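**Student:** This is what each chain is made of:
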Amino acid sequence: MIAERLDPAVVKSGDHVIIRMPSTNAKIVCIKPDNMVSLGKFGSFKASELIGKAFGHTYEIEKGGSIATHTLAGFDNADITEANNQGIVDNPLSQKMTFEEIEHLKTMSLAGDVSAKEIIQSLTENNEAFDKKTEFSKSKYILRKQRKFMKSFVPLETSVFNVCGYFFEFNPGKIRGIRIDTLSQVLSLANVYSCARILAVDDGQGMVISALLSRMAEGGQVLGIHDGDVSNYDVIRYMNFSPATKSRLQSLSWSKLHHNVEPFTEHLPENASADDMAGRERRMRGHAKLSETLDNLRRGEFDALVVSTNYNAKSVVEKLIPYLGGSRMLVIYDQSKEALLEAFDWLRKSQSFLNVQLTESWLREYQVLPGRTHPTMTTSGGGGFILSAIHLAPAQQDC
Amino acid sequence: MFHQYKTFIENGDLVVIYLNYDSMLTVRVATDGSLNNKYGTFRHNDMIGQKYGSKIQSQYGKGFVYLLHPTPALWTQVVPHRTQILYLPDISFISSYLDLRPGKVVIESGTGSGSFSHSIARTIAPTGHLHTFEYHEIRAEKARKEFVEHNLTDIVTIEHRDVLANGFGVTGIADAVFLDLPAPWDAVASAKEALRRDTVGRICSFSPCIEQVQRTALALDEHGFADIRMYECLVRDYEIRSLPLPSIDEAIDGQKVNFKLNKNDRKKRKLESGANSLTSQEDGNSEVMLSKPVDNARGHTSYLTFAILAPAAAS
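Protein chains in written order, with the numbering used here: chain A, 16 to 414; chain B, 731 to 1045.
FYI, nobody ran anything at the bench for these hints, they're computed from the structure.
What you are looking at is a predicted structure, and each value in this text was computed from that prediction instead of being measured.
One or more of the hints may lead you astray.
As the list claims (entries may be wrong) - Computed, partial: chain B to chain A, Cβ under 7 Å:
hint, residue
1, Lys736
2, Ser822
3, Phe823
4, Pro832
5, Gly833
6, Arg852
7, Ala855
8, Tyr865
9, Cys939
10, Gln942
11, Ala947
12, Glu962
13, Val965
14, Lys990
15, Pro1041
Claimed, not checked - Distance windows between CB atoms, simulated:
hint, chain 1, residue 1, chain 2, residue 2, range
16, A, Pro187, B, Gly779, 44 to 52 Å
17, A, Asp128, B, Asn896, 51 to 59 Å
18, B, Thr883, A, Lys189, 40 to 48 Å
19, B, Asp1025, A, Ser270, 39 to 47 Å
20, B, Glu980, A, Asp105, 39 to 47 Å
21, B, Ala1027, A, Pro187, 20 to 28 Å
22, B, Thr737, A, Ser270, 49 to 57 Å
23, B, Ile940, A, Asn247, 42 to 50 Å
24, A, Thr39, B, Val987, 50 to 58 Å
25, B, Thr737, A, Ala303, 40 to 48 Å
C-beta: ideal position from N, C-alpha, C; glycine also.
Kindly generate the complete structure, drawing on both the sequences and the hints.
**Tutor:** Below is the structure:
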């Protein structure tokens, strides 16, 4: 059977896009046709220029804010040479260009009159120590300067991988510090698939719920339980989900968990104004939505319970376990192991769960370059913990 | 069944029988069938009509087992190992990196024991497709049989083919390619051919040795792949226990706390000491829940090398 291919990934008007800059810094921008996107010292470009363009390329900013597709540089095949750092002494005077000259070049570069390549060439030519460097060290020097002066960027799709990576790097508190390897394990452990019905608690602004939704298709459903009156699943707005995908999410406040739905009885006053009618209309829709959501919850037999919460994990699980089906997974994430220990102990001793496991994720990135392969020098301190268990069906009362 | 949960067990269903935490097996439920193991005889008729996740007694009430719904994660634990298999942390990370979700078209080679294949199929169903290639004829046949038995033929196509020698034989269809081969660098050109060129393509190569990674990365670079990144992905399992953590004052007072007592002994001692136990709790002598990594852990599986292929420039 030949599957129908998905549409090619291109930047669409109104979409959010992650812009990765030469410094490896990144920002999320909403691409609106009339806007300029400013990347600070890396220049500015017209958002309209990016609309319709494909992901996977590097784009170079040209004079006037237009952009040109740029091939990504391949490996630098620096050879091992006899040079070493024996004769190199730190000397601020080895750069023969003055501070003012360099600043002038930078200004010209921002205006688009000088290319980054030309700046880097001037810098290396005027650096007395450059020739004494090893080839590896030369290529590292050039890379460092490229990260400073290149006026280019890579647009990245707001996929779960990229969005989680972005927030983990720049605002981990927002997503309760969940790293992408951990989030990926949550999806696998919970056995998320296109038409699963999933009950979720996500106090990390919807990163987990976004990941769940990304794996849904027709028939799939996510019910998020949140504190307060309205849910805060801010991450969803960056995901460029279709209206169909967004419609797979329902949310319910904890305060409505035991709510009894009474029939809607509000009557319009005589001589009702347009405002009265609109208000009643709105309340009626809200009432219907709440009633539908509660019906869904109370139908129970959910296919997974996925939790990332600021509240006591055991208390959350105790309240929601009755809605989870038999032979379905309970998966709880937390940044701290301690927050999961009480629930771990309780699950282990409970007769209703099998295969109770507490794991910590471990991820290591390597630099792979000819002759220079090693783990990266800085890495994240940790990726979080997952407590998971198989929920059993309650014993049948027939005998 | 791997991409569609059911509530009740019916005749003909595949059920994962859970004996204990490190012993599981699968059974195809058939009227009047039975399963014999050290816990007793379990009649299939007793399973039919039960909810998944139920516990059933053996015929003479001697023992019991749990009846679980098959999932890719459980399949990874029960799959007959014909080769080294992929485990959950790698499977999960690769799936996210390759952006697998419903509708994606994926190429995998080799199929091996089919552990990852089941997970990919679950994730890309119902509209995606997995083309998986295995060069070992018997393994390919066994995997093919499993895909049929598991109702995955709409989503998975398996071919017995040596892709290192003959390539994948497909052009411009795949969103993602996964290589688990002894010489992945020899499959890179063909992988490029198989990837779509109208959108960004993604590739992952899974190799246990660093030398393989280096050769693969060079081949990827030569063939125009970009953003070459390599990761190692593992998990650490924890166990917990409750232990007393008495103040050293007890030892200064000449007492010697027996830390080796098991839980029941400690409970007994607490009861015996009666009113004293309360004081000792106030002394901070109550038990504390402590966690530690389990003694033996998986230290290495494979290196995961990723790269992307930019779409061909529009003409």
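**Student:** Work down the list of hints and note, for each, if the structure agrees.
**Tutor:** Structure-based check of each hint:
Annotation: B/Lys736 was flagged as interfacial toward chain A, and the flag is violated, the nearest CB pair being 10 Å apart, outside 7 Å. The beta carbon of B/Ser822 comes within 4 Å of a beta carbon in chain A, closer than 7 Å, and the hint placing it at the interface holds. Taking 7 Å as the C-beta contact cut-off toward chain A, the hint placing B/Phe823 at the interface holds, the least distance being around 5 Å. With a cut of 7 Å, the hint placing B/Pro832 at the interface with chain A holds, because the nearest CB-to-CB distance is about 4 Å.
Because the beta carbon of B/Gly833 sits about 5 Å from the nearest beta carbon in chain A, less than 7 Å, this interface hint is met. Evaluation of the B/Arg852 hint against chain A yields a held restraint, the C-beta minimum of about 5 Å falling below 7 Å. Annotation: interface hint on B/Ala855 holds; nearest CB of chain A at approximately 6 Å, less than 7 Å. A cut of 7 Å between beta carbons decides the hint on B/Tyr865: the least distance to chain A is about 23 Å, and the hint is violated.
About 12 Å separates the beta-carbon of B/Cys939 from the nearest beta-carbon of chain A, more than 7 Å, and the hint is not met. For B/Gln942, the interface hint is violated, since its Cβ never comes within 7 Å of a Cβ in chain A; the closest pair sits about 11 Å apart. With a cut of 7 Å, the hint placing B/Ala947 at the interface with chain A holds, because the nearest CB-to-CB distance is about 5 Å. With its C-beta approaching chain A no nearer than about 5 Å, B/Glu962 sits inside the 7 Å limit, and its interface hint holds.
Look at B/Val965: its Cβ gets to within about 4 Å of chain A, closer than 7 Å, so that hint holds up. The restraint placing B/Lys990 at the interface with chain A is violated, with a minimum CB-CB distance near 21 Å, outside the 7 Å limit. Taken as an interface hint, B/Pro1041 checks out: its beta carbon lies about 5 Å from the nearest beta carbon of chain A, inside 7 Å. Between A/Pro187 and B/Gly779, the C-beta spacing of about 48 Å keeps the proposed range 44 to 52 Å intact.
Between A/Asp128 and B/Asn896 the beta carbons are some 54 Å apart, a value that agrees with the proposed interval 51 to 59 Å. For B/Thr883 and A/Lys189, the hinted distance range of 40 to 48 Å is satisfied, since their beta carbons lie about 43 Å from each other. For B/Asp1025 paired with A/Ser270, a C-beta distance near 45 Å keeps the hint of 39 to 47 Å intact. Between B/Glu980 and A/Asp105 the CB atoms are about 58 Å apart, so this pair departs from the stated range of 39 to 47 Å.
A hinted range of 20 to 28 Å holds for the C-beta pair B/Ala1027 and A/Pro187, which are about 26 Å apart. For the hinted restraint 49 to 57 Å between B/Thr737 and A/Ser270, the CB-CB distance of approximately 30 Å leaves it violated. At about 44 Å, the CB distance of B/Ile940 to A/Asn247 agrees with the hint of 42 to 50 Å. Between A/Thr39 and B/Val987, the C-beta spacing of about 53 Å keeps the proposed range 50 to 58 Å intact.
A C-beta distance of roughly 27 Å is found between B/Thr737 and A/Ala303, which places it outside the suggested range of 40 to 48 Å.
Hints 1, 8, 9, 10, 14, 20, 22 and 25 from the earlier list are contradicted by this structure; the remaining hints agree with it.
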